[in-house]
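Single-letter residue listing:
Protein chains: 2
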Amino acid sequence: MTDYPVLFEELDPEPRLLMGPGPVDVYPRVLRAMSTPLQGQFDPQFTQYMDQVQVLYRQVFKTRNQQTLLVNGTARAGIEACLTSIIRPGDTVLTPIFGRFGHLLKEIAKRSSAKTVSIDTEWGQIFTADELEAAIKTHKPQVVAISQGDTSVTVKQPLKELGEICKKYNCILYVDATASLGGNALPIDEWNIDIVSAGLQKCLSGPPGSSPISFTDEVAERILHRKHTEAGIRAPGIVDADGPIIQSNYFDLAMLMDYWGPDRLNHHTESASMLYASRECARILLEEGLENCQHRHQLTSRALRSGLQAMDLELFGDPNHRMDNVTGIYIPKECGNGALVRSDMLNDFGIEIGTSFGPLDGKIWRIGTMGYVCRKSNVLRCLSALEMVLNRRGFKTKQGAGVDAAYSIYEET
Amino acid sequence: MTDYPVLFEELDPEPRLLMGPGPVDVYPRVLRAMSTPLQGQFDPQFTQYMDQVQVLYRQVFKTRNQQTLLVNGTARAGIEACLTSIIRPGDTVLTPIFGRFGHLLKEIAKRSSAKTVSIDTEWGQIFTADELEAAIKTHKPQVVAISQGDTSVTVKQPLKELGEICKKYNCILYVDATASLGGNALPIDEWNIDIVSAGLQKCLSGPPGSSPISFTDEVAERILHRKHTEAGIRAPGIVDADGPIIQSNYFDLAMLMDYWGPDRLNHHTESASMLYASRECARILLEEGLENCQHRHQLTSRALRSGLQAMDLELFGDPNHRMDNVTGIYIPKECGNGALVRSDMLNDFGIEIGTSFGPLDGKIWRIGTMGYVCRKSNVLRCLSALEMVLNRRGFKTKQGAGVDAAYSIYEET
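Protein chains in written order, with numbering that gives the first Met the number 0: chain A, 0 to 412; chain B, 0 to 412.
Errors might be hidden in some of the hints.
It does not matter which identical chain is used: a pair holds within one copy or between any two.
Unchecked claim - With a straight-line cut-off of 25 Å between C-alpha atoms, the simulated BS3-like cross-links for lysine-lysine are:
no.	residue 1	residue 2
1	Lys226	Lys109
2	Lys114	Lys395
3	Lys136	Lys166
4	Lys109	Lys61
Simulated from the structure, these hints should not be mistaken for laboratory data.
Predicted, not measured: the structure shown is a model, and the values here were computed from it.
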């Protein structure tokens, strides 16, 4: 430590265009919403905003679930809140793993004292309904936990049939929609999804740090069997439920229901600025319309992919099950592990693209087109910059081929 | 659900002056910092900001601890991250309870499979060093967990002697500094505090949703004995430590050390806007100077208290151990449970004051003077409004007595 305070400079980062797997550029309206002055957590003005957030996210999730609320943490916090609240010690949890985040779900289930079983598929592929049903028949899980889209592999697992299967076998279906929500359809009631969590930093184009979740009355009831009220705020006569206490206080959804419900029983202090951000993200999405927003993600990905292929880059993953908001491409052998291309893109052109994790680290690049970033000008900007960088780094492409192909997609619509 | 989206209005709450127990009004510079455009989490510009946050909070905590970082959640998330990472199942954890948050620490310890023991004191009182030492001698805890200041009771536990006692008996001292940090001295190295967590929404005058924590190398080593790396990002050859896995993934400080350290191993996606807020909160505090800021809180509380007493209101809690940032007063019998006075203050004068929890609910009001709110003009505004409201609600005071007394404090300095 020095004698004088070290204060550093005012925040003033160089501009970036975030076309990696997320976070992505935040909608300017959302950035502004976060500058709204705070209110007290029990101020009727503020609790009304909390109520509005519930109404907004019910529309986002296409659900009637009363229990639709925010967990105050990043997407991963929402995942853990859901899993640790629904998994009772000793429950069998099936995690079909098709990418990094399947491993995460399994690990969180294990840390919640579940008996975990998993099925695996090659990274870049998804599961058939038959495979899923067979696993459920064999292992008889109480909970199936799966991601809708896993950015690590850029593919999307169909969920409609899985919802029906889980209903048939009477197990709870938890879906991690962090990477997909907003850019890909997810009508949770229609698809029989019992509990879902998401984040803001992908297609909702907000900052990381708030996790919208939703769950059915049946799931709520299951959780309330484990309700324990904090000693410091317990009203006289309150008796704990007889189920095993949820191992986390912060992620105890029984307590969060009390905080978000009419009792407004204090738990944490709601992260007001992130709630403002969450609210504005939903307003922007709903104003555009869920279907319009999904269509925009589809069209933009199509244009980007067409451009990449025209530059002789090879797309990664099952072509029938790609996410509509992130694109994987094999790194050409001329570019080694792709790190120099990524750093040229970032440092010289101000554009962030990603690689992936585990077996795909240094094998694929990932280019995101999500939320505010998901637009024609960014596709063209990215393709033209990539053409320059690739050619300078030894991978030769035909001049303008990528941009021309992208233009063609836009012109045919 | 209706057929058309329900979007609600743009955020535009009526102005409030937040003089409750927190959250409080956010520094305008912090609100602006949150509007900074995002960067990717591994962008060198962003990781540099993460490094700067570590340097800034080392100065705030007056520590050399390498492990000084943010937990992405509210203050309660920071508490749970600390406790669940240091408590091994079966450890004995002593929680000296002098208010609501002592109960919370005990409960989180219990959920982390600790054997919990606690000592209690009347709400509004603190523990003597002898009482604490006796309890430690008797119960031989591995961990002592205590709040520095508990807003529910507005008093502050001295910690210097407790630090020495814990050192002598070789147990880890965890301190919850949520309510006190910034407004009250907390030199953690000098006081032998092993691990500490805080929040932004009190004297740091930021939004809730980020929790600065710090812990010693010895604590880090203890935690690293429980390190398990996530399967989806595990490099070949990595072997798990042999200690029991930490029950939470999100709050696993072994993983957070990897994310904040030179390896930058991905865990959650850092909540960038809240990091910007945390950074600016620390910059403002350090620019003012820790001692100056504490002095401002002391002076402001003194002026407020003098004014309240001059209005014949009775202060709550041990006069020798009051927090310097929040004041408790008994609700006069003329005002019942005080709810009408609070709602008049809020709805008619735009000023939020609080009541308390549990045995003090409806028995005391709590008036906070923290961070940006902690200034003469707000003391005078609050006292004059309170005089109007109290008299209209049947508690008679001498005209101008509160404001005059507050002026006197400022004039003598």
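TODO: Indicate which option fits the pair Lys114, Lys395 if close means a Cα-Cα distance not exceeding 25 Å: within, between, both or neither.
DONE: Answer is neither: 51 Å inside a copy and 65 Å across each miss the 25 Å cutoff.
Task: Same-copy or cross-copy closeness of Lys109 to Lys61 [CA-CA at most 25 Å] - done: neither (30 Å within a copy, 38 Å between copies)
Task: Within, between, both or neither: Lys226, Lys109 at alpha-carbon 25 Å - done: both (21 Å within a copy, 15 Å between copies)
Task: Alpha-carbon proximity context of Lys136 and Lys166, limit 25 Å - done: within (12 Å within a copy, 56 Å between copies)
Violated hints, in rising order: 2, 4; the structure is consistent with all others.
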